[in-house]
Each structure stands twice: as C-alpha cells, then as structure tokens.
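Here is how the chains run, residue by residue.
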Amino acid sequence: MTAIDERHIDRLVRRSLRGDAEAFGRIYDIYVDRVYRYARTRVNDPHEAEDVTETVFLKAFEAIGSYDRRGIPFGAWLFRIARNATIDHARRSARVPEPMDDLVEQMGLDPVTVEEQVAARLDGKAVRAAVRRLTDEQASVIACRFFWDMDIRDTARALERTEGAVKALQHRALRSLARVLEEMSEHE
Amino acid sequence: MSDRSEDRPTHGRVSVGDILHSSDELTPPDVKASMRARVLASVVSEPSRTRAGRTHVVAATLVTVVLLCTAGVGVASSRSLPGGTFYPVKRALEQVRVIIAPAEGQADVYVDIADERIREIERLLNMGASARALNQAADGFADAAKGAVDVEVDEAAAQRRVEEILQHVDEAPPAVKEIIESALSGIQTAPSIAPPLSPESPSGETGGADSDAGGPVLPDVPVSPAAPLFEEGRVPGGVDSMSSPPLGTPEETP
Chain A
591 MTAIDERHID
601 RLVRRSLRGD
611 AEAFGRIYDI
621 YVDRVYRYAR
631 TRVNDPHEAE
641 DVTETVFLKA
651 FEAIGSYDRR
661 GIPFGAWLFR
671 IARNATIDHA
681 RRSARVPEPM
691 DDLVEQMGLD
701 PVTVEEQVAA
711 RLDGKAVRAA
721 VRRLTDEQAS
731 VIACRFFWDM
741 DIRDTARALE
751 RTEGAVKALQ
761 HRALRSLARV
771 LEEMSEHE
Chain B
42 MSDRSEDRPT
52 HGRVSVGDIL
62 HSSDELTPPD
72 VKASMRARVL
82 ASVVSEPSRT
92 RAGRTHVVAA
102 TLVTVVLLCT
112 AGVGVASSRS
122 LPGGTFYPVK
132 RALEQVRVII
142 APAEGQADVY
152 VDIADERIRE
162 IERLLNMGAS
172 ARALNQAADG
182 FADAAKGAVD
192 VEVDEAAAQR
202 RVEEILQHVD
212 EAPPAVKEII
222 ESALSGIQTA
232 PSIAPPLSPE
242 SPSGETGGAD
252 SDAGGPVLPD
262 VPVSPAAPLF
272 EEGRVPGGVD
282 SMSSPPLGTP
292 EETP
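If you read the protein sequences in the order shown, they are chains A and B.
The first sequence begins at 591 in this note's numbering and counts up one residue at a time.
The second sequence begins at 42 in this note's numbering and counts up one residue at a time.
Don't read these hints as lab results, they were simulated from the structure.
Heads up, the beta-carbon is just placed ideally off N, CA and C, and yes, glycines get one too.
Wrong hints could be hidden among the right ones.
Stated by the list, open to error - Okay, the calculated bits of chain A under chain B, using three or more residues with CB under 8 Å as the criterion:
1) 642-651
2) 714-720
3) 761-772
With the hints as extra help, turn the sequences into a complete structure.
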C-alpha cells in the first residue's frame, strides 16, 4: 500500500469538515484497503467484514467533527474506530476461534513442504487465518505495524498503550505467528 | 523502518514480518466501489453532521443576533443573568461561538462558557436570586463542562479537561462550589467529573414554586445581601483565573 501523506490527509479532513463529500471519498480511497484487511483478520466472513468496514467509515464521518489534528494522527484515530467496530461485531456475533484442525483443512496445504516452500505459498488467506489466532491486542499491533505501516509511536497512540508495550506485543505476536505457521506445516 | 528489527522470529529462513508485509490483500474492486457509493450517499444526506451543515443552521441565528447587536442588545446581554430579559441572547451567542470554533478550539470555548456560569452563580448568590435562577446557571455549568470533555478525542486529553474544570471550581467561593458540585453529581459522565457530595449537603427542596426546572436540588445557601461574598462585579482571583492555560499537544497516550 502507498505511504500516507499526513498533510494531504489533514487537507482532506478540513475539506470534509466543510461538507466536501468528495474529500471524504478520497479519505475512504486511501484507507479502505487497510480497514478491510484489518477487518478480515478479526471477522471470518468476508461479507461481514465488508459490513464492518462500511460501518467504520460511517462512524468516522459521524465523529470527524470532533477529530483533533493535534491529538493523534488520523490513521491512528481511524484505527481506534476500526478496532472498536470489530470488537462490537465480535460481541454481537459471539464468534468462537476456529480450531486448529479445521484451519489446516481450509489451508489445503501441500503435504510435501520445506520451509521456504511453505513461506512462498502463504497468501493473504493463510496470513489472515494465522493473525486471527492472535489475541485482539496482538492482532491490532500487527495490523497497525504491518498492514497500516504505522510506526511504533502512532501505533501506541492508536492502541492507547506505551511504546514499550507495543514493542512487547509485537514481539509476542510475531513469535505466536511463527509458531502457528510451523504448526500448520507440521500437519502436512 | 529500522524499528521493525524486532521481527527476528522467523519461519524457516523467511522473516514473519516480511511475510506479513508481502501478503497484501486488497478489497475486491466491486466491493470497494459499491461501499464507496453507500458511504458517500450517507455523507451527502447528513450535512448537519459537518460544520458546513451546522453553519447553514447558524446563519439564520447569526442574522438575528447581528440585528439584536445593532440595537445594543448583544452588548447588554453579556452581563445578563438567568431570569434576565436578554439572557437567552447571551446563551445563543455562546452557542454560536461553539459552532464556529475550529475543532481544536471547541473545548476551550466550552471551558470559557463554564467559567461564565461560575461568575453568574457568584453574582446570583450576591443578589439573593431565586433557586430557579441558580439552578439554570448550575445546569449550564454542567452542560458546558460535559461539552468540554466530550469534544476531546482521547481519554488523556479528556482527563486533562476534567482536571482543568475542577481546578476552576476549586478556585470559586465555597457557596458557589457547593452549588456546582451538586450540579456535577447529577450528570452522567466519567466518574472523575462527579465528585461525591459532601455529607453536609442537605437534600430537601429549596422551594416548591422555584424548583420545577428539573435540575439538581440546591442546598439551602445562606444569602446575605448586606454582606456580599465579594465586591459586585469582581471575581476572586481576577480575570486571569478564568482564562484557560495554554494547551500543549499531547505527545503520548498513557
């Protein structure tokens, strides 16, 4: 995904506040893939993930009047809305995490593997399934850092945690992902 | 991207971080387009949610206010108190200030309004005003305090606003403080903005005819016109106590 130009976003936010719908449309264009990708890591069903994504942008527009540019970057602010939306969705649908066996079956992994081959065949679906196994906080850090390209500081602001906590969460998340990927390959 | 060096845990000889980064997933184009249309349709149909929408609503109010100000009413209203003829104009002007304030300045405007309610309560007590008038000012304080906290984006900034407002309350005379604390305890906000009532606060009505505003119940405040709490027109601590300290940009969330 392309890098975010914060000044450009600020201009679009100001125009949105003046009632420029197309400016908000541009904000949507810039962030929709990030929001959708994050939603897919927390919501299994793609149609429900689309609903959550749409909800995020509608809520963002409703709240944009109270967005304070001096507070946190827009991306971090939007991520909070996205995270709350996925949490609300999880509460409403009371989802249970998929058991590991079903997960391996869905992956349809080739039983003949070596490490590099497994890594090379990992697509968005596999990564998404692995990230879904993380705790909400770990998944949030992964999404902010690797899907939304936020730095540690902005991630800390988005998640309302210290930078140290974010680093620790990232480390644990990456170790968990490595373990999940190894276990996937062991089932082949 | 040097701070991604923590992604050393690897799967085989491929770093997990690289895997995450390279496994990009885009929203299906048809989904993206139809969702965009729905989001923008909602945006266009809810203009009042934006400043532009509210500005249209404010325009008519501004015309009225300008006409009134031309007749000197705007100036006269600035000293008005609850129950006064021009008090509604004063409150309307305050709402205009809130609406036209830039996003980052809205909380400051609310704090100024809350401070004005404190000044009104002091003057009302001096004049031996009715409980109804005091209730109206106290309710206005609670609304402005809540407004200042609600417009803050993150909890750290909201907490700082709460502390700022409570400090202003703390600087007020004891009788005024008591009235304000009664008003604060009645609003549904974060627990930190509703200090517990002191055990001595009476809970009875102050007067049937005057307490039908539905606001917080006022304690029996002894009012002695012969011995004003302070010199009429002056506020303890001076004007400076009413101005908000300059805000720094919040750097880190806790």
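Hint check results:
no., hint, in the structure
1, 642-651, "holds (count 5)"
2, 714-720, "holds (count 4)"
3, 761-772, "holds (count 7)"
This entry satisfies every hint, going by the numbered hints stated previously.
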